[in-house]
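Construct the entire structure; sequences and hints are all you get.
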Amino acid sequence: MATVSLRKIEKQYDNKFKAVHSIDLDIRDGEFMVFVGPSGCAKSTTLRMIAGLEDITSGEIRIGNRVVNGLPPKDRRIAMVFQNYALYPHKTVFDNMAFGLKMQKWPKDEIKRRVIEAAEKLEITDLLYRKPKEMSGGQRQRVAVGRAIVRKPEVFLFDEPLSNLDAKLRVSMRVKIAQLHKSLKDEGSPATMIYVTHDQTEALTLGDRICVLNQGKIMQVDTPSNLYNKPANKFVASFIGSPAMNLVDTVIREKNGQLYVDITNDVRILIPLEKQQVLREYIDKPVCFGIRPEHINIANADDTINVVTGNLTVVENMGNEKYIYFSVGGKELIARVNNQNISTKDIGTSIRFNLNTEFCHIFDFYSEVNLTQD
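So the sequence shown is numbered by my numbering: it starts at 184 and just counts up by one.
Keep in mind the hints are simulated off the structure, nothing from the lab. Quantities reported herein were computed from a predicted structural model and do not represent experimental measurements. Accuracy of the hints is not assured; some may be wrong.
[As the list claims (entries may be wrong)] With a straight-line cut-off of 20 Å between C-alpha atoms, the simulated SDA-like cross-links for lysine to any residue are:
no.	residue 1	residue 2
1	K458	N412
2	K505	L495
3	K288	R260
4	K413	T540
5	K458	I481
6	K335	L387
7	K528	I517
8	K359	E303
9	K514	P426
10	K295	L254
11	K335	L254
12	K514	C471
13	K359	K438
14	K505	N522
15	K285	R245
16	K413	D212
17	K335	W289
18	K413	K438
19	K505	F536
20	K528	S510
21	K291	P336
22	K438	Y465
23	K413	N539
24	K335	Y443
25	K191	D209
26	K468	N439
27	K458	N537
28	K335	G247
29	K191	E243
30	K359	R297
31	K505	N483
32	K528	N503
33	K458	G440
34	K505	D529
35	K335	D258
36	K335	A269
37	K400	S421
38	K468	L453
39	K257	Y271
40	K438	R463
Structure (structure tokens):
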């Protein structure tokens, strides 16, 4: 068990490109921390610096009470699971899982005990004497995880471990990794895990907390619930959530003491009273209005406030719900509804929608900071 602390971590390459910009982050003992962000945001680079596989340009990395900047990976008490499994093709599952312990000259009985214990956790006991080529991708990835478990490291590092698996296997392995973290905690030996992914579903379902990265900078570190419901800025709001949050560049207006935003020249949306006070200094200034698709519903006949009429452009049937794409004055919006009466035959028609602005967000146009965050 160990905390991981990053202080002013930077990574700059010989060509002067700076990949990581002064990252500060504290990962708690036994926490499951997920790094998520778009391709090129430096999430894997940051993980590799923690592992010692990538040199840092400046800053300090601590694992537990030790500064590990100058330590090689083998001395950092970490175990890493890679995207490509990195198994020895000529060795059995047992020998792959035992390899690290054999190199450290552990007693044979202890090696066997640890390998069998890990295999039972991951339900791969019947595979111990197969070779990697005789197994599926999901089974190979479980072996790679098992190889990390047997070492009983202070920190587990996962670098997009499920990205090579099909959708069904990804779900299965995601559950296995979550169960592993819980079982280690229940056994009294909680493991600190740092997990890199570009898949926000993995991030939201696995992480105790999530670190959202973009262009080598931390955008927000928070619980999955807070990232979704209280995004700190426009980037987090747009990146977390599927479908993405609706974002409309607009201007705050005042009429009869009330604050509004104009979706179009003739469509005005009232801002909730509890959000108005913090926005008064932004009257007649540009902002970005955000609202999630599930907070846009098909309007009832008697709805009159915060109603827009949209022209349907796409209807996606997701089974128990539908994503409805519609345009209002040339601006595209998405609603997520349970209404089973809407179908592709309605494309091209006009439908009235109600915006539940209790859950809306207003972002500064220039800094992109969430002005209405609690």
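### Message
Given the hinted pair K514 and P426, is their Cα-Cα distance within 20 Å?
### Response
The given pair, whose Cα atoms are some 16 Å apart, holds under the 20 Å limit.
#### Entry: Holds or violated: K288 to R260, with C-alpha atoms at most 20 Å apart
Roughly 16 Å between the alpha carbons, so the hint for K288 and R260 holds.
### Task
Quickly compare the C-alpha distance for K335 and A269 to 20 Å and report which way the hint goes.
Roughly 19 Å separates the two Cα atoms, so the pair holds.
### Message
Given the hinted pair K458 and I481, is their Cα-Cα distance within 20 Å?
### Response
violated, 24 Å
### Query
Does Y465 lie within 20 Å of K438 when you go C-alpha to C-alpha?
With Cα atoms ~14 Å apart, K438 and Y465 stay inside 20 Å; holds.
### Task
Below or equal to 20 Å on CA atoms is what counts here, so check K335 against L254.
With Cα atoms ~19 Å apart, K335 and L254 stay inside 20 Å; holds.
### Task
Sort out whether N412 lies within 20 Å of K458, counting only the CA atoms.
Distance of about 15 Å is within 20 Å: holds.
### Task
Please work out if K359 and E303 have their alpha carbons no farther apart than 20 Å.
Since the Cα atoms of K359 and E303 sit roughly 12 Å apart, the hinted pair holds (cutoff 20 Å).
### Query
Within 20 Å, alpha carbon to alpha carbon, are K505 and D529?
Cα-Cα ~13 Å, so holds.
### Query
Can the restraint linking K335 and D258 be considered satisfied, given a maximum Cα separation of 20 Å?
Answer holds: K335 to D258 is near 13 Å, not above 20 Å.
### Task
Please work out if K359 and K438 have their alpha carbons no farther apart than 20 Å.
With a Cα-Cα distance of about 55 Å, the restraint between K359 and K438 is violated, given a limit of 20 Å.
### Query
Is K505 within 20 Å of F536, Cα to Cα?
holds, 14 Å
In terms of the numbered hints stated before, the structure departs from hints 5, 6, 10, 13, 15, 16, 18 and 24, listed from lowest to highest.
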